[in-house]
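J.: Listed below, chain by chain, are the residues.
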Amino acid sequence: MQKIGVIGTGSIADVHLEGWRRMPGVEIVGYYDLLPEAAARAAQRYGGRAFASLEALLAAVDVVDICTPASTHKELVLAAADASKAIICEKPLARHSADAREMVEACERAGVMLFPAQVVRFFPMYRRVKERIDAGAIGKPAVYRSARCGAFPRPGGKFSAVHYADFAQSGGVVLDVGVHDIDFARWCCGDIERVFARGLTFAGRPYQDHAQITLRFVTGAIGFIEVSWAHPRGVFRTRVEVAGDGGLIEWDSLDRPPLLVELYDEERGLQRIASSPTAPEDEPYYAELAHFIDVIEGRAQPIVTARDGLEAVRAALAAIESMRSGWPVALKEFGG
Amino acid sequence: MSEKTVCIGFLGVAHMHSVSYAANLLRMADVEIVGMWDRSPSLAVDWSQRLGIRRYEQAEQLLDAGPDAVVVCSENALHRPLVELAAGRVGAILCEKPIAVTLADAQAMIERCAAANTRLQIAFPVRFAPAVVELKRRLDAGELGQVFAVNCTNHGSMPGGWFIDPELAGGGAVIDHTVHVIDLLRWFWNAEVTEVYAEVSDSLLHPGLGIDDAGLLSFTLSNGVYGSLDTSWSRPPSYPIWGDVKIEVVGERGAIYLDALHQYVTVASNETGKTQWVSYGSDIDRGLMADFVAMVRSERAPSITGADGLAALAVALAAYESARRGEPVPLENVIPSLNR
Ligand SMILES: NC(=O)c1ccc[n+]([C@@H]2O[C@H](COP(=O)([O-])OP(=O)(O)OC[C@H]3O[C@@H](n4cnc5c(N)ncnc54)[C@H](O)[C@@H]3O)[C@@H](O)[C@H]2O)c1
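Heads up: the sequence lines are chains A and B, in that order. The opening residue of the first sequence carries number 1 in this note's numbering; numbering runs sequentially from there. The opening residue of the second sequence carries number 337 in this note's numbering; numbering runs sequentially from there.
A few chain A residues facing chain B, derived, Cβ under 8 Å:
1. P124
2. M125
3. A137
4. I138
5. I249
6. W251
7. R256
8. L259
9. L260
10. V261
11. L263
12. D265
13. S276
14. P277
15. T278
Quick caveat, the hints were computed from the structure, so don't treat them as lab data. Predicted model only: the values in this text are computed from it and were never measured. Cβ atoms here follow ideal geometry from the backbone N, Cα and C, with glycine treated the same way.
Isolated chain B, as found in the complex (with noise of 0.2 Å):
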């Protein structure tokens, strides 16, 4: 029994992201990549022709082309007017974390989406950690009975290129890494992040950065948890991998330690000169890229929408916004859902 095959573009492949989901895509039946585009002559090259897709000078020229649904792997500061420029010329659309560089941004592509009756979905990959899938199990069991507080890290290493220019990047590590867990913590929960309080630093890591590469926030959520999260570039390059998703809850019954990608080999390589870990896990790319696949080929919503990704950006803003007033900000302002 074979489906209609789905065909899919690409629009902007900036973020390293784009290569995985490219790939899992290309393993799965029933699916087409039609064409990639990106405003870097060089990269687009590259990236097409190490995958053997089709390259379009133009973007107009892949949305002539017809796909079904398009992912957008630009740099941030592009999600906007790439979305916008796909939104009704396409059914779908999967658009990189995070959603957009400013509030306002997001909103209008949300907007635009909706009006156009395309499908905006936000690429959270982590949701499909299967480790990630049996903690949300557990909580949702109430194993922990009421949960207090969540200690959480999303390490990684200082990506360097367009991450850490402010124009294309919207901010440093902490615009890059609050999304991922702030998202997850949504899901758990069906709840809000209500305030927020951070310490930022630019370049107290990697001197001369000139961005911020280290941040901890503490915040609070609507359903009674607080928590906190380090969103810091810390993991060095001498370090075995390149950073971690964790997520600590402790409740009244007990504690969960979430590790979400610790599934790994170790590898001393004289080759490398250094001692890397190499992941076994499931690929949480080919979990997202089913899922999506899924989405375009039936009629129904987005598993992780806009608002997810407007909500989970909020955070990120707000935490820049607390660092620069030393206080804690609220966000009942700012993401609709607590502003009943």
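Here chain A stands alone, though its shape is the one from the complex (with noise of 0.2 Å):
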């Protein structure tokens, strides 16, 4: 039975809590949250207690998934890493390169698994596109492209919190959203040489951002990628393709669900739901979870390590600096 505390019981540590609860062979011991009422409300939903200090819940726990904003990872990792714990960490790693590799070099030394919760690799269609291009489907991937489009997490909206406004906390679209797409392109096509970047993120407008990243790969491979807080409300898009030299592979979320439903009253006029369910051991962030605790327990080995965690901030970093200079960044040299 492992037993896992959560830090920072926020927006995402909700959909984590509603796979921990559900997982067979893991208990909720507890929470600590930097507001008490936070965790006071996670321990009412989901059981378990609402610890007062950090340290009192390391010490109750064998692992802890934190859930905090990506400014916080840094002194959180490392206490865990500390206590010899094993941790499950929240996208981006951290906010800025140097303090990602502190967190993996210190958890190399303790000799913990930090886990960097990159979930796109978990999406069913992702993880399709991937074993197709393993499987030799497309032959060696050359152009690659993805997108990842919605609103601007404005406070009020379903990510509500402030931090994200705050590039100094966040990094704006390009670190919070654009890792998961550098990841996923890492994935696919492996090390990247260099970036290039346009986008608002420094234009000056409150509450949008936006951006476009170019690639190079060491294999030569090129790509493409499109992120978003400048959508309209209520959007959220999606898509990848990888073309190689013997095929292609392409997926998008405007593509027709399996469910739609069209309903129309007078008050509200026409509404239309499109849903894609899964089961639920297939449902992402679930499979997320049930593969770190089968990688802590010996049963799998990690599809994703704390270097590729790394890897992607600094890549993304690296977007960041190449939207500041208009030039490109090679990522040998770049050190963020």
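Since each chain comes alone in its own frame, lean on the hints to assemble the complex.
T.: What follows is the structure in structure tokens.
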């Protein structure tokens, strides 16, 4: 039985806790949050107790699940590594490359698992893309494209926290959202040689951010990623395609869904509800957490490593640097 | 907490679903496949080697090994003798759809299993598609108000092999592809088909095939809903996927469009010379197997019964009769629950 402690009980913690709650072989022991009422609310919803300090939580658990904003990950990971806990840490691994590196090295030294929660690798369509590439269906990947477009996570929205709007804490859309696609692109095409990016991050538009990132991989492949916090509220658009020298794979969230409901009433007019349900065990956040447990219990090799988490952060920060300077940034020299 | 191991045997593996059923069982904890038998030695050798499962020369020997349950995935016409052979020797049987090729066979299987205290389940895996479950939830919640009609397809590719042998399959596209969708509709509304009209053709899409490969059913249900179903083997080899299961429902407050398995990445590969839709959806056979194993382990009745299998088969057979007679065929006399 793995004893789980969750640090930071905001929006993404709720998603994790829905998974932990129904997973066999784990026990939700408790929570620590800077805001005691947030931890208390989680305890009420999911069981376990609210701890008054990080130290008290660490003393009571085997595994910590870090669900706080990026800029806080380092101190929390270092404390958990010091206490020899297995760690799953939300993306981005850190706000700065040096922090991410320090975390990775501290965990390596302490011999504890640091698992970066790069959840896109657990979305079934992305999994299938990678699996088909590995099976040789498209030959050698040559041109990668993906997009992840939504509205700004404004206070009052679903992910309601204010830290997203503060570039110093979140790194804007390129770090917060870009790490998802950068990590997936690296999974498909390997290490990144250089990046070039344009975007709105420094355009001074409150509550709007957007970027287009051009990549060159070490293999010679090229790639393009669009990330947006400038799309209309309520929209979440993703897509991915990988063209190789022997074929092409594509998927688009605008493809027809397996279930579409159209209802009309005089008050609300036409409502259109699209859904693409999966079996509970295939739900990506559940699959991610279950894989992490399989890894720490020796049943599986990790499909993503702390080094991958670090490299995704580095490439995202290089894209931000490119946006700032107007020049391509080579990853080899880039410290962040 | 580990459960008692459930031991399962395969009696007949001529239906290709047997591979996926076995693969799913092999991945489940506390389940053991004790062995397999098929009347074709070459198929049995291939199948057993591919899955690493013990092969028995005789069906009797497999039953002597004492499985808790068997899966019958033979050619349709052999479902009856194999189910009858296993009845009384195992606690439960999972029989591939359609239950049988005649109503008399289906009735005999149901009665024999009941008398022998063996629980008979029919394999309708589409009930386990998450989008189907979601559709049922919405219908149960009454979102559409009164439902008027359903427009359904269960298209496929022409499967060849024993599927086009009338003796073994009992028919072509109509018997193959009527039963899945009819089972879903019966399940959604706890209703029966009351009348069927059908246009059916042999060799229409595949000249010289010698069996029906195209079928359009028009039917009414006991809850007042009417509907249509296209069972045709109309997806050519050049099409990106084998087929579909679609149900479009229209009611007084709106419409719902189900394309049950439409969760695909598109893969164009020079290796295959073609563009394919490759599923990333949850494996519906995993859901079916988990449900069956849970039933074997418990005392409960099967979630999909022999009577469900018979009712779906009756609709397919009525469609053939309608096509022969050129008129709608009532089902009152064949589906027991309609005849009260
Ligand atoms: N994988 C995904 O799809 C996904 C989605 C959303 C967020 N996230 C990531 O999850 C992280 C958290 O995002 P969120 O939207 O849940 O934020 P949130 O603001 O909703 O929740 C964060 C919580 O952490 C608490 N907290 C802040 N600093 C703390 C500290 N030092 N110690 C203890 N608690 C602290 C806050 O009080 C708050 O309750 C971010 O890194 C974000 O990028 C990932």
